[in-house]
Structures are given as C-alpha cells and as structure tokens.
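Protein chains: 2
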Amino acid sequence: MMNRARELDAADPLGPYRDRFHVPEGVIYLDGNSLGCLPKATPDAMRRVVEQEWGDGLIRSWNDAEWFTMGSRVGAKIAPLIGAAPQEVIACDTVSVNLFKLIAAALQMRPGRKVILSEPGNFPTDIYMIEGLERQGLATQRLASRDRMLDALDEDVALLMLTHAHYKTGEIFDMAALTKAAHDAGALVLWDLSHSTGALPVDLNGVGADFATGCGYKYLCGGPGAPAFAFVAQRHHVDLKQPLTGWFGHARPFAFSDEYEAAPGIERLQCGTSPILGLTALEVGVDLIAEIGVDRLYAKSRALSEFFLECLGELGVLHELVSPAQSERRGSQLSFHHPDAYAICQALIARGVIGDFRAPDILRLGFAPAYLRFADMAEAARHLSEVLASDEWRRPEFSQRAAVT
Amino acid sequence: MMNRARELDAADPLGPYRDRFHVPEGVIYLDGNSLGCLPKATPDAMRRVVEQEWGDGLIRSWNDAEWFTMGSRVGAKIAPLIGAAPQEVIACDTVSVNLFKLIAAALQMRPGRKVILSEPGNFPTDIYMIEGLERQGLATQRLASRDRMLDALDEDVALLMLTHAHYKTGEIFDMAALTKAAHDAGALVLWDLSHSTGALPVDLNGVGADFATGCGYKYLCGGPGAPAFAFVAQRHHVDLKQPLTGWFGHARPFAFSDEYEAAPGIERLQCGTSPILGLTALEVGVDLIAEIGVDRLYAKSRALSEFFLECLGELGVLHELVSPAQSERRGSQLSFHHPDAYAICQALIARGVIGDFRAPDILRLGFAPAYLRFADMAEAARHLSEVLASDEWRRPEFSQRAAVT
Chain A
1 MMNRARELDA ADPLGPYRDR FHVPEGVIYL DGNSLGCLPK ATPDAMRRVV EQEWGDGLIR
61 SWNDAEWFTM GSRVGAKIAP LIGAAPQEVI ACDTVSVNLF KLIAAALQMR PGRKVILSEP
121 GNFPTDIYMI EGLERQGLAT QRLASRDRML DALDEDVALL MLTHAHYKTG EIFDMAALTK
181 AAHDAGALVL WDLSHSTGAL PVDLNGVGAD FATGCGYKYL CGGPGAPAFA FVAQRHHVDL
241 KQPLTGWFGH ARPFAFSDEY EAAPGIERLQ CGTSPILGLT ALEVGVDLIA EIGVDRLYAK
301 SRALSEFFLE CLGELGVLHE LVSPAQSERR GSQLSFHHPD AYAICQALIA RGVIGDFRAP
361 DILRLGFAPA YLRFADMAEA ARHLSEVLAS DEWRRPEFSQ RAAVT
Chain B
1 MMNRARELDA ADPLGPYRDR FHVPEGVIYL DGNSLGCLPK ATPDAMRRVV EQEWGDGLIR
61 SWNDAEWFTM GSRVGAKIAP LIGAAPQEVI ACDTVSVNLF KLIAAALQMR PGRKVILSEP
121 GNFPTDIYMI EGLERQGLAT QRLASRDRML DALDEDVALL MLTHAHYKTG EIFDMAALTK
181 AAHDAGALVL WDLSHSTGAL PVDLNGVGAD FATGCGYKYL CGGPGAPAFA FVAQRHHVDL
241 KQPLTGWFGH ARPFAFSDEY EAAPGIERLQ CGTSPILGLT ALEVGVDLIA EIGVDRLYAK
301 SRALSEFFLE CLGELGVLHE LVSPAQSERR GSQLSFHHPD AYAICQALIA RGVIGDFRAP
361 DILRLGFAPA YLRFADMAEA ARHLSEVLAS DEWRRPEFSQ RAAVT
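Keeping their order, the protein sequence lines are chains A and B.
Counted the way our numbering counts, the first sequence spans residues 1 to 405.
Counted the way our numbering counts, the second sequence spans residues 1 to 405.
Keep in mind the hints are simulated off the structure, nothing from the lab.
In the SDA-like style, the derived pairs of lysine to any residue whose C-alpha atoms are separated by at most 20 Å in a straight line are:
hint: 1; chain 1: A; residue 1: LYS168; chain 2: A; residue 2: ARG146
hint: 2; chain 1: B; residue 1: LYS114; chain 2: A; residue 2: LEU138
hint: 3; chain 1: A; residue 1: LYS168; chain 2: B; residue 2: PHE254
hint: 4; chain 1: A; residue 1: LYS168; chain 2: B; residue 2: ARG252
hint: 5; chain 1: A; residue 1: LYS241; chain 2: B; residue 2: ARG135
hint: 6; chain 1: A; residue 1: LYS40; chain 2: B; residue 2: ASP44
hint: 7; chain 1: A; residue 1: LYS114; chain 2: B; residue 2: GLU134
hint: 8; chain 1: A; residue 1: LYS40; chain 2: B; residue 2: PRO43
hint: 9; chain 1: A; residue 1: LYS241; chain 2: B; residue 2: LEU138
hint: 10; chain 1: B; residue 1: LYS241; chain 2: A; residue 2: GLU131
hint: 11; chain 1: A; residue 1: LYS114; chain 2: A; residue 2: ARG142
hint: 12; chain 1: A; residue 1: LYS168; chain 2: B; residue 2: SER257
hint: 13; chain 1: A; residue 1: LYS40; chain 2: B; residue 2: ARG48
hint: 14; chain 1: B; residue 1: LYS241; chain 2: A; residue 2: GLN141
hint: 15; chain 1: B; residue 1: LYS168; chain 2: A; residue 2: ASP258
hint: 16; chain 1: A; residue 1: LYS168; chain 2: B; residue 2: ARG60
hint: 17; chain 1: B; residue 1: LYS40; chain 2: B; residue 2: ASP287
hint: 18; chain 1: B; residue 1: LYS241; chain 2: B; residue 2: ALA251
hint: 19; chain 1: A; residue 1: LYS114; chain 2: B; residue 2: LEU138
hint: 20; chain 1: B; residue 1: LYS168; chain 2: A; residue 2: ARG60
hint: 21; chain 1: A; residue 1: LYS114; chain 2: B; residue 2: GLY137
hint: 22; chain 1: B; residue 1: LYS40; chain 2: A; residue 2: GLY57
hint: 23; chain 1: B; residue 1: LYS168; chain 2: A; residue 2: PHE256
hint: 24; chain 1: B; residue 1: LYS40; chain 2: A; residue 2: PRO43
hint: 25; chain 1: A; residue 1: LYS40; chain 2: A; residue 2: GLY293
hint: 26; chain 1: A; residue 1: LYS241; chain 2: B; residue 2: GLY137
hint: 27; chain 1: A; residue 1: LYS180; chain 2: A; residue 2: ASP203
hint: 28; chain 1: B; residue 1: LYS114; chain 2: A; residue 2: GLN136
hint: 29; chain 1: A; residue 1: LYS180; chain 2: A; residue 2: ALA152
hint: 30; chain 1: A; residue 1: LYS77; chain 2: A; residue 2: ILE292
hint: 31; chain 1: A; residue 1: LYS168; chain 2: B; residue 2: ALA255
hint: 32; chain 1: B; residue 1: LYS40; chain 2: A; residue 2: GLU51
hint: 33; chain 1: B; residue 1: LYS180; chain 2: B; residue 2: LEU143
hint: 34; chain 1: A; residue 1: LYS77; chain 2: A; residue 2: GLN87
hint: 35; chain 1: A; residue 1: LYS241; chain 2: B; residue 2: GLN136
If you want a taste of the chain A side facing chain B, the calculated C-beta under 8 Å gives, among others:
hint: 36; residue: SER34
hint: 37; residue: ARG47
hint: 38; residue: VAL50
hint: 39; residue: ASP93
hint: 40; residue: PHE100
Idealized CB from N, CA, C, for every residue including glycine.
Just chain A, same shape as in the assembly (with noise of 0.2 Å):
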C-alpha cells in the first residue's frame, strides 16, 4: 500500500506544488476543504500589504498599491477557475452576503415570481439567507429532494439556487441539466460554488448559469473568513439591481453624491470598503491554485479519493460511504456514515490526522489536491483502519463536544 502511494507520488505532476504550501510536520490535513492551508507566499505579502502598504504608503496606497481596484483585480483572477470571463466575477463580503443580493437581484428580475428553490440540506446559510427575504415578505423558500428537484421547476419560482459539490456528502449537480431546466421554467440559477472552486472543473459560462458565488478560504487558501466571490453573467450587467448598494458599487463613490448610480459592470455588486488585508492573503492563494490549474487539480482530486478507498479495501475496513461511489459524481472529499463519527474524528485528529465532523453523524475527509500526497491517503487510511479496529475512539476525551468542530 505505502509501495503502491510512493509510486504515485513519484509520477504525480503536481508533488512539487505541495513545497509552495506550508503543512505542518507531523499532520494529515485532510480539512483543506473547510480551510485550506497556508501558501508560503502568503506570509511576504502580508507583510508588503501592512508594513509597506498601509504603514508607510497610508492612504496614497488606495491609488498606489491599486487597492481600489482589488475587488475587480482577484474577481478576474478566480474567473478562469470557474469558466467565467475576468469581467463577471468580483471578490468581496461573504457567500452569505453575496447570496442575499443575489437571490434579491433575482427577484427584481423576475417580477410576479417569488420563490427560491433549493434543497434541504442544503449548506445552512444558503437556506437561511432565503429566510431572511422570506422574513422581508420578499420571497418564498421551497426546498425539494434532488429526485423531485424538476418537478418543484414551475411558473412561481424566480430562482433555483443549488450548491454545487454538497458540503456534507460531495455528491454534486449536473449543473449543465438543472441549469437548463431551470431556464426552460423561466427561472434563474444562482450556484454556490463553496465546495467546488479550485477543487472541480466548473463552466458557468458552457451551462449558461446567471449567478454565482463562492468561499475564498477552502481550496482557494484565501485565510480564515477570505472574502467570497460572486459571479453575474455579463448579459445580465446592465438590469441587475441589489439592495445592498453600498458606496463602494457607485458609478462614482468619490462624488460623494446623495443619489446612488450603480457601477456598470460586476463592481456594482460590490458594498462597503474592500477588505484590503483580507483580499491581499486571498490573492495569493488564487494565484498558486491558477497556477497549478483546475483540470490538474482535479485529476488528482479524484485519484486521491480513489486511492484513499483502496487502501481502505486492501485494510479490510468496513464503511458507510455517503459520498457518491464514483469519483466523478463527487467533490473533493469522501464522508463515511458512523453513528460515532464525533468521536473518530477526535481520535483521529489525536493521531495527527485531521478531518471533520458534520452533525450528526458524519466524518468527513476532504482532499485537498494542490498539497496532499498519496502516502498521505495510505496512512491516514491506516489511521482510520486502527482507530476504528481498537477501542482508541471510545476513550472519553474524544466524546465530548466542543463548540465547534
């Protein structure tokens, strides 16, 4: 098994990548889908950004060190990434905040039409965010299994608004097929992208989707809390209309005008002042994930997981796969069912590999492509095989909860 990962990590074009990234000694880090490891790049830049930039440069630096211009500069960058053009995706506030103007911009654009369909289970926040323009009287929520997802396409919904590769599970949309089927039924698609970007291959602009957005701090390694990206479809610059018309998406902020004129393009998505820090450390994670490139990555995603499975079969380890069984059928991770997932996963993080646990019973491993090994499949494979084979898991330490996992 350790034979067979060497091998593969000899031939595997994309090894060398893994020195870019700092991966602490001694960790198994299979969570770069919840928050992706740091580039070494990262650490300079942060520097430049506050010591240079903000420090010495101070507010000449919005013009000098182009921060103004941020937002639209990384927005561009993830572009290619997610089969958009540099002009229709921005980086800025959070998936939650760009889902809210976006599912509100889809209802200006489908006047008479108020529901938002989506799919229980759904990320939460995705869900919640319709909550909120429920609670405005704006919208309604509908949520359908995937299996009767079609069916719930009719004339009263505004928007089917989809996550992707699933958070919990992996199993991802035919994006091509709901977003046409959206789109025959006169509805508008918005994709959570979150668990896709930097990982999958993803076309907006080949399935012909509206609206997008995603995470900066998963496979993008943007840092804890990145600022997001959203994505609108250059057809629909002109029209799109969102409540949050802060003065950082005006035609002309520094006027200083009493009346709000949105930018033309994608910028008048954007809010209040663009997170320069933040958007600095998010730069450079796109930057090396472009540089490695989507279709490498996820080659070597779905060889990984593949892998990772094998050495669990050779091991002789008995799982509950959630995840979709074939490899093209998932994003980047592999969920295992275990009424004491909780509890593997404290033991296993114990032992230096770190996974997580999804509520309620869950253990999900993500694997991260730009930086992972398969030597680090066969030994966290072996982990797994060991902490499930002994009673290392029913040690009271690895039961209790902490606030966050």
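Please build the complex by placing chain B on the supplied structure of chain A, with the hints as guidance.
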C-alpha cells in the same frame, strides 16, 4: 509658533504614544480620519495569526485561537469607547452592510412606519443603504436639513439615522437631544459613529440610543477595509430581527439545521464567517486606542485643532472654515472651503502633508490625536500658508484628479 508647539508637545501626556505607531518619515499625516496609522504591534499580530494560527493551527484555531468568538471579543473591546456594554457591540461586516441590517431591523420593530429620516449630504453610503431598502419597497427615504430635522420627525418615521460627526464638515449632532426627540416621536435612532469612535466621547447608553455602527479603519487604526462594528441596545436584543440571517448569526451554527434560529444576543447581527485576518489587525488598533483612552484623545484632539487655527492666524492665512469654529461642536478635523481645494490638497501632499479633498471644494484636515504632535500642526500650517501664498498649487500636475483622493 514652533516654540509654543514644542512646549505643548513637551507637556502632552499622549506624546509618548506616537512611538507606538508607525508614522512614515517626512510625512505629516492629516488623514487618520480616512485611514488610521499602523500600530507598531500590528505586524507581529499578523505574523502570529497568519503563520501560527492559520499556518500551524489550521482549522483547529477556530477553537484553540478563539477565532469563533472574535467578533464578540473585539466588539466588547470597542464598547467602552462608545458608552456601550460589552455584550451590546460586535465587530462584523462593513458599515454599509451593518446599516442595512439595522435599518431593516428598525422597520421590523415599527410596523406601519416606513420613513427613514436622515440629512442630505450625510456620508453617501448611509443614504444609499436606505435607497437599497427603498428599492425593495420596504422603506421611504426622507432627508431633512439640520434646522428642519425636528419638524421632519413625524409619526411616519421608523428610524432617525444620522452620522454623529459629519465626514465633510466635522459638525457634530447633539446625540442626547436628537435621540430624545426621535423617541418622543415614536421613532428609533441609529447613530453612525464612523468619524467619532476613538476620537470623540460617545455615550450611547447615556443618551438611550437604539442602534449604532462605525468604522474600524479610521481612528481605531484597524487597517484598510477593516471590519466595522455594530451596536444594539440590550433592551432590543430579544426582538431584533434582521434579514441578513447567515450561519454565523445562528444560535447553533454547527447544528447545521435547515431552520434559522437567531443567536440570543448581539451575535445575531453576524452573517457570514468572521474575517479573522481583518479582525486581528482591528483588535490591535482597538487595544491601543482603548489604552490611551477616549477622554484624553478628545482633549488632545480639540487642543490640536485649536492650535492649528492659532497658527493659521499667526501666519495671516485667510481661510473659509466649513467646520464649526468652536471645537466642542466638531469632530477631530478642520475642513476649509476653497474653489481650488483639490489642487491645494495635491500641493500639500507633494510637500508630505497628507490631508484630503472632498468633492467638490473641501480641503479636509484630520487630527488623529493618538499620534500627531503640536509641532505637526505648526509645520502643516506653515506649509498651507506657503502653498496658498505662492502659485505652487497652480502647477498643472496638481490639477489632474486621480480616481481616488
């Protein structure tokens, strides 16, 4: 003039604090009300959060480094600067986004009333955020000049929303009187403290304010695009409903439930994942400003601007002050009207005196009391005098307007 400045500096109890900030050589920085100077402790804090907490700690730092409660912790540290209790303030999102939440919350608490009352020429984003809710059909914007504000406070007004210290003129509102007038009219009050926090005393609970928000990157020295803060009076916590119901505002975010249940306290104002890098820098600034203390900062702020005007008088500089002449009626700034304010501002910047221009014809000089010296006032006054007396500001290179000023 310079002798007097040296005497004042020698007697200044805040003098030693200048050394706790990085103030670039050769710069007299009169724009701390736009972007505050870098505290010298910030680079180490950023190294710690980036290299240790993110790099080594990875996902574990949400618990181990207390990232998860960081918004509340930083908010609690801001609270004493604005007369609030620790559990009434949270650091999150931007001023613009927080305005949206609080305006929407006020509308929800005053059913039947739709008017949001503010003044023309308020900071643009404040007015634009009303417009956003107006476009949603939920609010009606009403702008009244200061002398007509009380007349405009009728039974249709859900919320009076004003900026304590005006960004352009520095003129301050009587918070106690206006809060009382609004309450007498059955309206709620939201104070924008962006140009006050960290420089002027504010007593939110003393005046009985309902809501407030403010900026992290001005006098709080939190860095470019720092997270903002929001205040909600304790008495409103139970009833507070705001539409940006993201997962970080949930009572149990890691239960991953489909149903939104607001956190019991001020945390319900949070929306997306906390921006940890930005909050780290903000916390350093807040700690330092709190250590110096608002009362001492305010006393020095007034003394600085009074001395600056004295210097202008001594130098015989003719000027048209837009700010109130009495220092107790203005924020920590002096603004001057001049038809060529832009070129004058540029000429000053070329001399290392960084102030800013506010369209169409205002030269705004900010006096951040934490790191400015009386000698800076004398020097800046001399530069202004020379720029005005000579034709220096008429040079063509000073007349071109940059994108951001």
